[in-house]
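S.K.: The sequence shown lines up with residues 36 to 278 when you count with my numbering.
These are calculated hints, taken from the structure and not from any lab test.
Beta carbons are placed, not taken as given, at the ideal position from N, Cα and C, and that holds for glycine.
Each statement offered as a hint is correct.
Once the Cα atoms are required to be at most 30 Å apart in a straight line, the calculated DSBU-like pairs of lysine-lysine come out as:
# : residue 1 : residue 2
1 : K226      : K195
2 : K237      : K212
3 : K209      : K155
Ranges of calculated distance between the beta carbons of each label pair, as one might list FRET restraints:
# : residue 1 : residue 2 : range
4 : E140      : T80       : 20 to 26 Å
5 : K99       : D243      : 26 to 32 Å
6 : V214      : K237      : 18 to 24 Å
7 : G148      : K200      : 14 to 20 Å
8 : E63       : Q224      : 48 to 54 Å
9 : P83       : T250      : 37 to 43 Å
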Amino acid sequence: MHQKGEEEPAVLDWERLYDLAVDKATLEFYTMHARKEGNTFSVKTLWPFRETVYFYRLLDLVEKGGVNVKEVLRLLVGFQQKNENATLMRNRICERILKRKSVLEMVENFVYGSDKNYIKPIVDFLVIYESEVRKDDSMTREEQDAAVALGRRIGMAVAKSEDGKKGDLYSLRKARKKVDFLEQINRLQFKVSRDKQDNEFKFIVPADVYEGKLTDENFQEFKQFCMIAALNSFNAAISDAKK
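With these hints in hand, go ahead and build the complete structure from the sequences.
M.R.: This is how it looks when you write it as structure tokens:
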């Protein structure tokens, strides 16, 4: 977290706050949603938050991973929406983060439902955060990494190909079963077989996808990680091509 001013940006010492929470006192604060009504504010929701140790450690981990939390929060604003609807999804995502719950599905819906062409900080945060809250989950970090790697290859190939379109990602995202997902990827391999200079190429599906990293049990989460990474890679490749 950074503070604006004329001086150099100050970085909060999350480790020090973590030590304070563990050794000195049980820290607690309240999260509140209030709406202005006339000359006063009407409180809509109010609940205590006691997971301060988890929260400080998470922010420290995220910032050590090179992620600017402030930028993530800015990108989660739906500027095409009006009034408080612009921050509605961000508020819901933040609430789930405070409750140590997965935000994978919400983030996927957000990035595919918005018109943002730059989502890298969101993706970087998601990869770090989900691996933390999923430590006891059925989906392992290795499976998550395999999904992200596949998504990066798909997004890059679609952007690089003469016949590739952003709509290809939306079509792949609609797959409801593992077998349909893999069939769609196979079709996509043939479709995006030539680049914009008419040179032949083919993107390779990582072997570990077929060797157990993608299962019927983790399919939904695997696909979500994959499609978010694919959109991020596609946007980056299109942006680089315009330079």
